Amino acid sequence: MDLVQVLTDGLRAAVGVPAIAYALAVIGLNVHFGYTGLFNIGQIGFLAAGAYGAGISASLWGWPLPLAILAGVVAAVLLGLLLGLPALRLRAEYLAIVTISASEIIRITVRSTSVEGVTGGPQGIGRWASSFYDINPIPSGKYGIGRIAFNHRELWVMLVGWALVALAVLVTWLLVRSPWGRVLRSIRDDEDAARSLGKNVYAFKVQSLVYGGVLGALAGLLLAINANYTTPGEYQTVFTFYMYVALILGGIGKLFGPVLGSMLFWFTLQATDVLLRQLIQPGSWAATYIEQRDIGQLRLALVGLALMLLVIFRPQGVLGGRSPGKAQ
Amino acid sequence: MTEPTGRRPGSLAGVEGRPGVPKPDPLVVADGITRTFGGLKAVDVEHLEIQRGVITALIGPNGAGKTTFFNLLTGFDRPQAGTWSFDGHDLTGLRAHQIARLGMVRTFQLTKVLAEMSVLDNMLLASRDNPGERFFGALVPGRWRQHEREREERARDLLRKVGLDAKAQDLAGTLSGGQRKLLEMARALMVEPSLVMLDEPMAGVNPALTQSLLGHITALRDEGRSVLFVEHDMEVVHEISDWVVVMAEGRVIAEGPPAQVTADPVVIDAYLGTAHHRDPEIPR
Amino acid sequence: MKSDLAQRLVRGAMVVLLAVLAGLAVIPVASAQEGDPAEAEVAIFGALDDAEHGLVEGVELEALLGEEVVGTATSDENGEFRIVVPGPGTYRVRLDPTTLPEGVSLRDPERTELEAVRVLEGRDKRVVFALGERARPRPDDVARPPSGNRVVNRLWTGLVVGIVIALSSIGLSLVFGTTRLVNFAHGEMVTLGALLGWFFSSGTVGPGWSLFIAGAIAVALSGLFGAVQDRLLWRPLLDRRTDLISLMIVSIGLAMLLRYTFTVFFGSNVRPFREYAAQAPWVWGPLVLRPKQLVVLAIGVVVIALYALVLQKTRLGTAIRATSDNRDLAESSGINVTRVVLIVWVAGSALAALGGLSFATLYGVEWDIGFRLLLPIFAAVVLGGLGTAYGPLVGGLAIGLVSELSTLWVPAEFKFAWALFGLIILLLIRPQGLLGRPERVG
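Residue numbers (this note's numbering), protein chains in the order written: chain A, 1 to 328; chain X, 1001 to 1284; chain Z, 2001 to 2442.
Hints may be right or wrong, so weigh each one.
[Unchecked claim] Covered by chain Z, according to a simulated footprint, are these stretches of chain A (three or more residues, beta-carbon under 8 angstroms):
#1 98-104
#2 311-322
[As the list claims (entries may be wrong)] Far from chain A, some chain X residues (derived; all Cβ distances over 12 angstroms):
#3 1010
#4 1019
#5 1021
#6 1024
#7 1039
#8 1047
#9 1082
#10 1126
#11 1147
#12 1168
#13 1211
#14 1232
#15 1271
Read the hints as simulated data drawn from the structure, not as lab findings. Remember, predicted model here, so these are calculated numbers, not experimental data. Glycine included, C-beta positions come from ideal geometry on N, C-alpha and C.
Please take these sequences and the hints and turn them into a complete structure.
In structure tokens:
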């Protein structure tokens, strides 16, 4: 057993692009769920909106990258309005059903072969973000410490990504401690009280949904640019629950919760992966029960279990956040 | 501070005490309001007017529909039929927050202080027209800092009046029941309402605090605001209300000054009616 | 005392259930080791299925490396074939069209051969030979109005699917009505029924009993699992006064845990039930139906009729309806709400299992049939009225019909997407559904 590899692979994953993207998406989800109390379980749909909005504009209409990225953001805003305007009048369980249905509809639609001309069908849209790499200022080579190293392309994406995260945290911080943020928090606490004081609760909820959705779009864009490919497989409904694990793990309603939670989540996911693979080397006892291809599935099962255990035993996560819902 | 019982305040002098009687200077006028729940008519008010600048009490036995009527007036519930207006504005179809903005602010029977926010934040939330409450405005602290400072002064002032200024930084969830009532009232005042609607303000308040609360309520009227409150405690009603409206089974059955209403046989019957057993053995 | 007995029954059942699950864990591994020769062996496999004639047997296929034939196979009664090849590499796969039965042809008669089939180390490779009429509508096909034939057939499948969805949805609605919990793990109950049914009826992995017996056992075990869930998980959490959103998240985690554990044991292939693999269709005027659809429909209708009977005519049924409608009121009327909730869990899970069995009879067993059905089930429940007792029946039929009929105009892959879309629209106009009450909604 190579524990060093488990550690280094884990650390690598904790600072790598998926973790960064999830940090962004979860900051958005934290605004929805942590600060406003909106139970959005379709966040992955916003990531898809960003990635496909940009991908389609770039490859189908030939827009330059900055415009394409803008298109991705606009797509997320539109999705937020489309979902929010009807669904935000309803109670938590209905909002949950609407958001998860929406993300599923998006997935089915972009994956379908009948709109292949636009969305690329099951294959997706490829090579539309190459110009991003053209402006990479980092000289060729590999950088890092020992096994935790990245090449200049990866590093460029990571740098931009972390910068985005820093910006997102800053803006969110400004918003949350402002009067606007105060209204959001009051909505989570007691909507009717906020209404009785003249606050248009509905409008605030829509704004919150759109803001968090835009952050989700940025996350989706980051993932797509990193792969230089937009594929439907990246935007499956179940990934929203990865985000919830990260959110709860870090601490709901805490400013740095999403970042910490995402890093911890990806570290653990990758470490477990490596550990399991090492365990099922031919000849070991585990190999009789688990096959190579089962690892991906087992990982997901464990994520489900982790979600349950977190909510039941440690809902406040690492940083001591709020509990997911209001006490009965 | 409190008016002697039974005296009609000047503005209501000469107004006859009967259900639906028009008032000389009505702030709220309600017509034909009905609310049905699964076949049962919870509220059926033909006509009601609330006088400006006085303290009106809304009383009635359990299940009379008082809180439902309250909810309908303030936009927290939708009636099946009916129209009503506030200070000349037509309120039909308006949502709760819009009605609150017009100046009709309510409190809740089970206090709704925002427990996870500080007492001061509770108050600041209530401030009107805060530029920092707009999404883009919030991003530029310069635009709202000044406004917040002014509001904070006013908030602390109000908190001082109700004796909660020492608790300004504490979480509202740590307040006792009576303190929460005070906070809700102070918070409602931050919105600068013309009509303060209190839903059972004395419910769950220990007797020591009752006098203080009563004082605050009469102070509201003396400042020129109108008050409408739902209450069960008849002593309280006697002590501070200028006018009483009695509801039973969804309808208004009596109106008038407190002394007259409490002596009204129709009212007595309504309160005792359901418990009225006729035992054949005992001669009436 | 009654509750003592109930406790002992539940405990005993838990032991049985754990034993069964442990057995399930051991057996697939055992059978894999038994018949499995060297691990280096890989194969090219697939299934031949014609829309009108069903699974196609007796077709010969061969795999070629260059010009040399390195492996052959004949499709079995399930239409499945498996060509063992010497190892990883790039092969050509050839189908012999002369061995196709009467009336069956390749969709593209020119394409009898697949080039460049890459087989990787340790991984069987699936290939597809498309048979029969063009299933996907060409652009000008879509413009044509649906023929009466197709409409009738879609109505029929819609009816059958609708009954299945209705059965599967009852549990979700009643659990919500009585406990306010939206159980995202409900779909896994549906899958569990199908998986257990497959296990007990399979000759290779299980005892190979008739599907009726296997199904009955599957339903019973699933009901038991529902009771276990209530007792061990939900009741303690509810007693702890856990908030509803946390409960929903827990149910989502549970769903993931169950679903991915299922797939580790079951694999990702579609497997039909042994007895219902291939069926010749009956043609009745414009209607083309399969006997298994009739069986599913018949059982479904009978069970639903029984359900309605229990609800209307028995004290238990009244208690269920009352609790589902207004829990506090029911409790203060003397109804033992805890017992009602337990029964709702058992019955709801059992019905879901039956739904899963039915769906699998029609379309084969897969590890995620429940998950794929989950959103349509939500749609059905919301349409009928979340928390009502009869809502799921109305909603289920509606969703079944809508999804099947939609395939007349749009590609089949969007079948359920339309139902979901309709759900969103519905929530705009009438969130309480058809039978629900407005107060419960927003």
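So which hints don't hold here, by number, going up? Going through the list in order, the structure violates hints 10, 11 and respects the others.
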